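Since each chain sits alone in its own frame, please combine them into the complex, following the hints.
Protein chains in written order, with our numbering: chain A, 247 to 746; chain B, 4 to 306.
Mixed in with the good hints there might be a few duds.
[Claimed, not checked] Okay, the calculated bits of chain B under chain A, using three or more residues with CB under 8 angstroms as the criterion:
#1 43 to 51
#2 124 to 134
#3 137 to 144
#4 234 to 242
The hints are simulated quantities; they were obtained by calculation from the structure and are not laboratory data. All figures in this text were calculated on a predicted structure; none of them were measured in a lab. From the three backbone atoms N, C-alpha and C, an ideal C-beta is built for every residue, glycine too.
Spelled out from the first residue to the last, the chains are:
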Amino acid sequence: MSSSEAKVVAIGQARTGRSEPPRQDPPEKLYEARRAVHNKRIDGPFRRFKWFVMFVTLTIYYVTPWIRWDRGPYAPNQAVLVDLAHRRFYMFGIEIWPQEFYFVAGLLIMAGIGLFLVTSAVGRAWCGYSCPQTVWTDVFQHVDRFVDGDRNARMKLDAAPWTWGKVMRRAFKWTIYVVIGFWTGGAWIMYFADAPTLVHDFWRGEAAPVAYITVVVLTLTTVTLGGFMREQVCVYMCPWPRIQSAMMDEKSLTVTYKDWRGEPRGSLKKAQRNPDQFGDCVDCLQCVAVCPTGIDIRNGPQIGCITCALCIDACDRTMAEIGRPRGLIDYITLEDAKREAAGEPARPAWKALLRPRTIAYFMLWGGIGLGLLFLLGARNHVAISAAPDRNPPFMLMSDGSIRNAYTLKLRNMVSQPRGMTIAIDGLSGAVMWTDSIGRDQAARSQTVTVPADETSTVRAYVVAPNATPQQDFAFTVRTTGKQPESARVETLFTTPGGER
Amino acid sequence: MANKHVDQLTGTQTVGHEWDGIEELDTPLPRWWLWTFYLTIVFAIGYVIAYPALPMLNRATEGELGWTSRGQLAKDMKAAEQSRTALREQLAQIPIEQLPDHPDLMQQAVAGGAAAFKVNCVQCHGSGGGGVVGHYPNLNDDDWLWGGDLKAIQTTITHGIRQPGDDATRNSAMPPFEGMFTAAELDALAQHVQALSHKAPDSAAGAKLFAENCAICHGANGGGDRQVGAPRLNDAIWLYGGSRAAIEKQVVKPHMGVMPAWDKKLDPVTIKMLAAYVHSLGGGEDFAPEQQQPAATVDDVQQ
Ligand code: SF4
Ligand code: SF4
Chain A
247 MSSSEAKVVA IGQARTGRSE PPRQDPPEKL YEARRAVHNK RIDGPFRRFK
297 WFVMFVTLTI YYVTPWIRWD RGPYAPNQAV LVDLAHRRFY MFGIEIWPQE
347 FYFVAGLLIM AGIGLFLVTS AVGRAWCGYS CPQTVWTDVF QHVDRFVDGD
397 RNARMKLDAA PWTWGKVMRR AFKWTIYVVI GFWTGGAWIM YFADAPTLVH
447 DFWRGEAAPV AYITVVVLTL TTVTLGGFMR EQVCVYMCPW PRIQSAMMDE
497 KSLTVTYKDW RGEPRGSLKK AQRNPDQFGD CVDCLQCVAV CPTGIDIRNG
547 PQIGCITCAL CIDACDRTMA EIGRPRGLID YITLEDAKRE AAGEPARPAW
597 KALLRPRTIA YFMLWGGIGL GLLFLLGARN HVAISAAPDR NPPFMLMSDG
647 SIRNAYTLKL RNMVSQPRGM TIAIDGLSGA VMWTDSIGRD QAARSQTVTV
697 PADETSTVRA YVVAPNATPQ QDFAFTVRTT GKQPESARVE TLFTTPGGER
Chain B
4 MANKHVDQLT GTQTVGHEWD GIEELDTPLP RWWLWTFYLT IVFAIGYVIA
54 YPALPMLNRA TEGELGWTSR GQLAKDMKAA EQSRTALREQ LAQIPIEQLP
104 DHPDLMQQAV AGGAAAFKVN CVQCHGSGGG GVVGHYPNLN DDDWLWGGDL
154 KAIQTTITHG IRQPGDDATR NSAMPPFEGM FTAAELDALA QHVQALSHKA
204 PDSAAGAKLF AENCAICHGA NGGGDRQVGA PRLNDAIWLY GGSRAAIEKQ
254 VVKPHMGVMP AWDKKLDPVT IKMLAAYVHS LGGGEDFAPE QQQPAATVDD
304 VQQ
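Here chain B stands alone, though its shape is the one from the complex (with noise of 0.2 angstroms):
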């Protein structure tokens, strides 16, 4: 190469550009640096080998070593499983009963409880498990038709609502009125109904009638029964709606909820786990004596 791209102070030669008078020198790059850089080369060479790598039509190269990050990930899933066994078999012994004089274990069930209600139950009862008014339940109130402890919870999942061939399903039913009272008398009780929650002034004609057909199940007072799961009509929720009309439509052809009998798609450590979950939304109760407590009244608890 001629030697006219020499550099006269340095002696090195230049790349031949010259910008506003500036020219630039040609040094050699440091060994070391040449040699990082053939190692980077192989380096990605045996990379591309070894992992899947080059996009092909449907999916990339398989890669020498076999490894997908599926196949990474079915393998953490696994080990998470396993990292659990030992908390579901405490969670499988333990009565529900004592559940909440372990807090560790507590927790634990409520997570899980968390992550199995969002799968299986979100569907109907809202990811919150606010319900929707009119079709299902809201699971962070105070009201329970069946109790609202851990036992009852655990029973209402295991076993479902009004589940055939279910013997320890919670069943019951209302019967349709449909034909019995005349427009003023169905008038008269719906208002009657509201006025046990101090919706409306009340009317004697409907007291008269409630007395007659629905006392037995409801309670003289609108009480309920969780029992025979007459719900509470003497407070602020309603299942199927508060006002005149969808009182009415209850009474002359009542809607009856249904949910799945779980035992049948869920072992019974998650449906533990769930109870936990559904009970620690905010309404959850103590265990209840067996007899029932006399159901309070607007009035007594806003006194």
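Pulled out of the complex, with its shape left as it was, chain A reads as follows (with noise of 0.2 angstroms):
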């Protein structure tokens, strides 16, 4: 047997919590059924930072939809607001239209990069921390931790028969399971309408139906992805692993064993017996124990793990307890992983956050940033289009003057109505009128209103002299009152002619 078959007979005999089946004589199955994940509660500084970034998400997540945020009589009070009705998107002072969508892609994008980032520097740490199915899979195994106690517990209440007090024990924790499910999909539908009014219609059976369709699908999926697939969301069906694993590299960090420091293994009474002959790593199987999916860190790296680097708070605590040095399981680059090996000291592990591809990647994601802010410092809040009639293209007046006729788009994006001047750019001697304002009072120019927030259809006329010849020219708008913005389009107006 060579070393590295040791190892993984003596891993597959060793006692871990998912009771690893014997291994020597591979049955042949069709299905492999789950081995359930009791880890086991831990302290540490890790531990503690995955709490302070499970309550800050789930804070936001509870909380973002109640503030409220002034606009005026026109506009829904809601910060952030997700309006597909009348398809706006509010984000405090920001409001975004469909055709600003580009705002929510640049965004997605560096969504994205953001992610390139953070993994090539710290790997899998959105896993770790952030994704929300680690998060609520955290909250559900905390619930297991609450109503069945801990790992020990656990994994004897799990074994024993089904008696009158198993099952209710098991109705009460998926009662809070079912709660906590509804408590996120009823925070969902916060964000696509005004908060207090859904609240409200939705406990009297007044909401629209979708609510209440979305509200029982989030239910089922939080309770099914969280409550019961929890690791094997991360293992077998989420992509994001398979994508991450290529955008790391020997540079980034990674939750490591040190097996040069650890191995070979024993316990500590073994190796006080026999100094010198044993690494580090007491074999006392708290990384195991804690770990959220259930894997032994000490195979190396491997994809069912998170780097949520319990698994570290673990084996510092241990190598706490019996006097040696922490950090047997570290955050580390593969570079240094081999280095270390080799002898050379340890290089403290913020260094590989600083180097030239985290820095591009910071870069470009900057770049990103401050584009879409200055667009959105620079963009107009007013815009016209103008479709010409095609049928008939001209119309040749009693008078012998020839009239076109013009859909005209104007586009409000105030949330105040704003009286908006179209006036014709070009094309001498034409008056126009609109559906509203009628032929009697054609001029070269038309005053409407346009309602906050809303995008008015005006049917413009323009009627020219007798013997125009055809030609392009402009319909320009401008906001009356204060700050005025103006926009303008080129259009085309027929004459029987034809060419010019």
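Written out as structure tokens, the structure reads:
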């Protein structure tokens, strides 16, 4: 047996939390039942950081829709609102229209590059701390601990027969699951309507059917994915780990067991009996017991590891107890791991963060962010588009003049109604009127009022004197009132002569 | 099975192939995955039984639920029809003169009229109502033989043009002047008619003939008469063409169009909607006082 084989057998025989089946003679199985993960409570800096991230993300998720933001009488007063019915996206002082979707696209690109940045620097930190699947799994694992007790109690209860007490316990636990799922789905719909009104309508049975359907679907998915599937989502279903492994390199920080320091492992007693023959790992299995995905990090980097670093907390605690230096399991880059294994001194982890690749990602990320901010500041809140009638393309009037008709769209992107003056630019001698302002008031320009946050459709009739040649001209629009803004659109005046 | 395809490191069986030294582990699937897979099979079988699915020679199997996309469409159409009844009742009650006072109703009527127009009217007037010179009038311009306010348009649509048996139909007849003029007289007359709208220098002889023969209907200066449907001759719009030859042809052998009386085919509400739509095309007039206003000439407007 080579040394690596010996190691594998040793691990297979170890009492891991997942009660590994004997693997000497693999049975031909069609499927494999999930081995439940009963992770142990742990405390330490990384666990506390995980608590902190959980607190922050959940607070953002649940509280955001309730923040109010005064936008005056013509727009909703919810700070963050996805108004699907009116196709508006409100985010504090920012209001996004469908045609400005590039802002959302820009944010998504930033999120993508942000993930590249984080992954190239600290590996699967997203998975370990802030992925919703991780956060909710963590919540549900705390519920397990609260109802059934810590690891050993849970393992015992799992193996116990179905007594009345166990049934009651399970019913209680699953009720909590459903309540959590319901809260999750309930908070989600708050982003799509005025939150206080929606809550009121929801309980009176007057909310839109889609609200109830969404809550039911999200309750079910939350309970299924967070309550029952848990780490299986990360291992089997999520595409992200596959992509992440392509974005990490030997300079990225990742949770690593320093086998050159830990092996050969042996219990504390054995190690004391034969000093110098064993490494630092005392095979206490604490790292396995606390792992939320139920893996053994000592087998090396693997897809089940979400780099939550709870095993670091666990191992550091053991090391402290037996009086050895911390960091047998630690954040380290593969490059540094090689160096350290070769006997060189350890490099502080933060040094891995500053390198050309991460800096390049950061510049790109920041550049896009600044670009979006610039666009946000420079964008116009008025717009006009013109669609000339093509059937018929022009109209001969009884006095010999030529009339063209246009469908104009005037966009008022502020939450105040505004007067807008549409004018003809070019096309000498032409006058216009609209469907609301009659021909008797035809003039070079017309003023209409566009309601707050709306696009008005205006039919404009432009009449040019007899014998006007076909030509390009433009409509301009200028808002009245303070801080006037203007926009302009080119279009064509068609005549019977056709070509110019 | 022989144990030779077992991976040493993991203890898992391999599938037995090798690609450039890489072997694939035959890891069992998770149980939930398999169950989900079986469920999809059950669902598919249920779906095939419940809904039309398998293609047969002429059509697909019917499905136990009896659902068809055609039936769905019929149901949707019926629902849509029902949702329109309220609007139609409102429209039936309101006299057309009051329609402009109800912008919402007017808007609905125009939309409904546009749909009815596409079905009934585009064959002659064209899909944009542009007409065909020499055959069908343009409905977008500001020239109306019989009046262009809502009421007048409604009457025209209801009773049609030159419909025998309908007392209220729009009826006018231009007498054929065949054989009454010499070729030179005819030419002079046509020149005068063109001159009325400034297309040509005037002809004194033509003017005299016009005053004697045509002014009684078309007016001394060619202003036309909507009471009798006599077209204006002093504007830029020619129903049957404005060339000398076209005018002469119209004098000798007048072409007189007809239009069906739509009350035979359409209900009053649809006709009301059609009138609203035609009025909205851009040439619609306000309700005119009964009396005919003096017709404007090209000069008047161009100043
Ligand atoms: S091996 Fe360690 S870092 Fe990885 S998931 Fe388990 S506890 Fe977290
Ligand atoms: S917690 Fe540390 S000492 Fe204990 S088994 Fe894991 S690596 Fe070894």
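Here's how the hints hold up against the structure:
no.	hint	result
1	43 to 51	violated (count 0)
2	124 to 134	holds (count 5)
3	137 to 144	holds (count 3)
4	234 to 242	holds (count 4)
When each numbered hint is compared with the structure, a violation occurs for hint 1 only.
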